[in-house]
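Engineer: Heads up: the sequence lines are chains Y and G, in that order.
Last residue of the first sequence: 362 in my numbering, with the numbers rising by one and none dropped.
Last residue of the second sequence: 1604 in my numbering, with the numbers rising by one and none dropped.
What the hints contain is simulated information worked out from the structure, not anything from laboratory work.
Here the structure is a predicted model, which means the values were calculated and not measured.
For glycine and all other residues, C-beta sits at the position ideal for the given N, C-alpha and C.
Treat the hints with care, as some may be off.
Derived BS3-like pairs (lysine-lysine); straight-line CA-CA distance at most 30 Å [as the list claims (entries may be wrong)]:
1. G:K1004 to G:K1190
2. G:K1575 to Y:K196
3. Y:K239 to Y:K77
4. Y:K51 to G:K1570
5. Y:K282 to G:K1569
6. G:K1190 to Y:K187
Which stretches of chain Y does chain G cover? Using the computed rule of at least three CB atoms under 8 Å from a CB of chain G, they are [claimed, not checked]:
7. 24 to 36
8. 174 to 181
9. 203 to 214
10. 259 to 266
11. 329 to 336
Short derived list, chain Y residues pointing at chain G, Cβ under 8 Å [what the hints assert, rightly or not]:
12. Y8
13. S229
14. Y250
15. A354
16. I356
17. G357
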Amino acid sequence: MNKTTGLYIHVPFCKSKCPYCDFYSVRYDKKRAMEYAKKVIDNIRFYEGIKFDTVYFGGGTPILLADEICEILTAIKPFITDNGEITLEANPCVTDNYNICSLKSAGVNRISFGIQSGVDSELKALGRLHNSKQAEKAVNIAFDNGIKNISGDIMIGLPNQTKESLSYTLDYMTDLPLTHISSYILKLEPDTYFGKNPPTLPDDDIVTDFYLHVSDCLYKKGFSHYEISNYSKPGYESKHNLKYWHCEEYIGIGPAAHSYYNGKRFFCDRDLDDFISSPLQKTIITDDSPGGFDEWVMLRLRLKEGIDFLAAENNFGIDKEFFIKRLKKIPGELYCLTDNNLSLTEKGILVSNAVIGILTDI
Amino acid sequence: MADKEYLNEIRNFCIIAHIDHGKSTLADRILEQTETVAQREMEEQILDNMELERERGITIKARAVRLIYKADNGKDYIFNLIDTPGHVDFNYEVSRSLNACEGAILIVDASQGIEAQTLANTYLAIEQDLEVVPVINKIDLPSAHPEEVKEEIETVIGIPADEAPLISAKMGTNIKEVMEQIVKYIPAPKGNPDDNLKALIFDSYYDAYKGVIVYVRVKEGTVRVGDRIRMMATGAEFDVVELGYMGAKNLETAKELRAGEVGYIAASIKSIGDTKVGDTVTLATAPADEPLPGYRNVNPMVFSGIYPADGAKYGDLREALEKLQLNDASLTFEPETSIALGFGFRCGFLGLLHMEIIQERLEREYNLDLITTAPSVVYKITKTDGEVVYIDNPTNYPDPSVIEVAEEPIVKANIYTPSEYVGNIMELCQERRGTFKDMKYLEMNRVELHYDLPLNEIVYDFFDALKSRTKGYASYDYEVSGFVPSKLVKLDILLNGDIVDALSFIVHSDKAYARARKIAEKLKDNIPRQLFEVPIQAAVGGKIIARETVKAMRKDVLAKCYGGDITRKKKLLEKQKEGKKRMRQLGSVEVPQEAFMAVLKLDE
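Pulled out of the complex, with its shape left as it was, chain Y reads as follows (with noise of 0.2 Å):
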């Protein structure tokens, strides 16, 4: 039985950086683009035998190479399983008919639209290139077309944002035919625009009550928080991001793609012309001997399903007392404790840096 594995894709391409984003990206031109992606395949060959049952085109701004994408997902069809889930991201105003059309036959299916919010002008303090008119007709194209997985990104703690703004953000995602949700809170990081000209954001007790507001909020229509920053409608859960909390194994390629493979966490560097001069993108370790204990609670706790103390147990001959004992520094209130489990919930989520520290202090 061979065994599968997840392959993400960085596609580092954009019409116009986003003040608050620090992802690799470069300004989108379509020879390098044609390099890239040529590129791509000749990396992805390098893995021949190893078969993908989860493809994840990442950005950057995968969209706009909808034709570079295609030809890719040609090319390395034999090595992606049947009914593996490949996913997209794309930006609602590049979204149309045509490219989601062939984007749809080369396989994909699921799409990730960076919707972010369904107020304009919060839209537009974020300097993103669409509006609520588009990013709905981006997802209707989407569904229109047969796909029907789609996710939307929605961040909270935007400047200006208020429970009501976010209340009409939540209700206009939830009327769009959405599968999947991913919630993030906007971060200054500091290499970015935002970072170095930090606006006004609303505190983090704000923020809290934001954040606990679109979990209550998503709950009753029928989403499952199933990780810290995703919710899914039932059997809409990312598989390729699963494996990222699963300790599963991905192969990532192009610039500042992260890979975890064959006992190894490593990266491409972000830079995009040697990625292209190079026969086989060069990677960087970052981390030699992943898999312990402290990273398993950490991954562990960012989803639903929680610490399976059998596991630990057998992966680290950790025992539940260890685990019980640490629990008495952390209120009742932020986990939940089966006899099999330990889970966190919505307010424990929202401090699990401090509740992973705990519980890895040895």
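Could you slot chain G onto chain Y? The hints should help.
Structural biologist: Same frame as chain Y, but now just chain G:
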């Protein structure tokens, strides 16, 4: 009758200056002017040497240097330049250094005029009958106004400044004039080399090879290699192994030191405690009738607990304190234990600056990360059973039910200030429970105020408060005068219901409430939110008098998509764990080191 002609060629002097007014630059120039006369090519080397020493901080202790100056009259003069520390904590040391001199150069910045800090030392110098030679520095600055500064010197200090050399130590302008004035105005020392030996100890330091090196000014008599000497205050006796002069680069041995001369003595002395500043060295075989006046046994006045941030560094801390004590007899320490902070030392200091210097040296030179408790003074407690105890650690303060009388140390403080700030100062002293004694006009617009103040009101931040209320113009010094009964209470701080011993302190009951509120607020600002709500309480004798709450943490999450970059998440958590190591676990509460420091700075 011995030949006393040699005395005429000696000039013993110090330099008094406000910080940044150019003391060390002028010292460098004087060095140049003297050494370079003979050997020009030595110049660079000497200065390099000095700089190196300064970097290593050796000059902090190398407090005297001997130089030869060829004057315009053709004669060679011996200049003994003696450095003085410049803070009220070291007032006594300053007075002893001054006592080793016949004169002082007063440097005044031509653009800033006289600053308060120099005044106290200038007054001390005048009190000791030193000839003060004013020098106006930094005349190269565009903002220099030397004529007005001269006038200021004459009216404020009351010494003639007509002939004060206008110099730029930085540019080397008019240094020669300073040298000539030293020869002309500073009197030659007096003394009789045939009398019984009386040598004043004005400094000492520990040398790993020679033992304690004592810096002395011989007032009377002569000391020679091989002599058996006696320290008159401590009674300790030693045989002189080596003596000589402090050269610009190194010690220069000699056969004898005569009355009027400044030099060093090495006598295989193991403990610096035997060589107290201000003590008189005499000969065991032919002792002087009485010691030189002015000796005081200097006792530590301020105590605080010093703990290693990392408990494993306890041994390192002990070693570092032992090494510092070799050079600093006024530093005391003994082991103590705190429930909150673990193993550490209760250390005694001359004052707050001394405490800060020691802490800084421990951290910088010995690379130690420290937690320091609030400084405390010594309280004298008479118990109901008649027993008298001295308490330097609030934790050991007896239960009020067994206290008959509680007494606190009182100081006589002399405050010098331009008269316009008298109101502000009186207000400050009032706040600090001071008792007004009297006020003297020194000049038209300068006054000296005398107050009795409780020491525990001035140990923290009196100096800073005084400066800030007088635009930096007032200065003060003090002398402990004894104990007086006082309404003292022990204030305890509770975190999550548990007393944190390291945060307890003694306070006058009238001030307990305000103090408690302030500390609780400070702690609230400095204790990060934790998973549980943390009540902060301040209590006197079990009664809660202030309360604050650190609300429970609500948000500490990485809810951002980093793709598959698990390593980044892991690193963020590792960093968080590192941060936690800098926290003290007090019961269920994590307290950052800064919180202990923050309660020290209540007036911010």
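Engineer: Work down the list of hints and note, for each, if the structure agrees.
Structural biologist: Each hint tested on the structure:
The hinted pair formed by G:K1004 and G:K1190 meets the criterion: a straight-line CA distance of about 9 Å does not exceed 30 Å. At roughly 23 Å between alpha-carbon atoms, G:K1575 and Y:K196 fall within 30 Å of each other, so this suggested pair holds. A threshold of 30 Å between alpha carbons decides the hint, and for Y:K239 with Y:K77 the separation of about 18 Å falls inside it, so the pair holds. Between Y:K51 and G:K1570 the alpha-carbon distance is near 28 Å, which keeps this suggested pair within the 30 Å criterion.
For the given pair, Y:K282 sits about 22 Å from G:K1569 by alpha-carbon distance, which is consistent with the 30 Å threshold. A distance of roughly 76 Å separates the Cα atoms of G:K1190 and Y:K187; the hinted pair therefore is violated under the 30 Å criterion. Proximity of the segment 24 to 36 of chain Y to chain G, defined as three or more residues with a beta carbon under 8 Å from a beta carbon of that chain, is not established by the 0 residues found. Requiring three or more residues with a Cβ within less than 8 Å of a Cβ of chain G, the coverage given for the segment 174 to 181 of chain Y is violated, as only 0 such residues are present.
Under the rule that three or more residues need a Cβ within less than 8 Å of chain G, the assignment of the segment 203 to 214 of chain Y holds, with 5 such residues. Under the rule that three or more residues need a Cβ within less than 8 Å of chain G, the assignment of the segment 259 to 266 of chain Y holds, with 3 such residues. Figure legend: the segment 329 to 336 of chain Y, annotated as covered by chain G; annotation consistent (4 residues with Cβ-Cβ distances under 8 Å, at least 3 required). The restraint placing Y:Y8 at the interface with chain G holds, with a minimum CB-CB distance near 6 Å, inside the 8 Å limit.
A hinted interface residue such as Y:S229 counts as satisfied when its beta carbon comes closer than 8 Å to some beta carbon of chain G; here the least separation is about 5 Å, so the hint holds. Contact between Y:Y250 and chain G, as hinted, is supported at the beta carbon level, the nearest pair being about 6 Å apart and thus within 8 Å. A distance limit of 8 Å between C-beta atoms decides the matter here; for Y:A354 the minimum to chain G is near 5 Å, and the interface restraint holds. With 8 Å as the threshold, the beta carbon of Y:I356 comes within range of chain G, its nearest partner Cβ sitting at about 6 Å, so the hint holds.
Proximity of Y:G357 to chain G holds as hinted, the smallest CB-CB distance being about 6 Å (cut-off 8 Å).
The earlier numbered hints that this structure contradicts are 6, 7 and 8.
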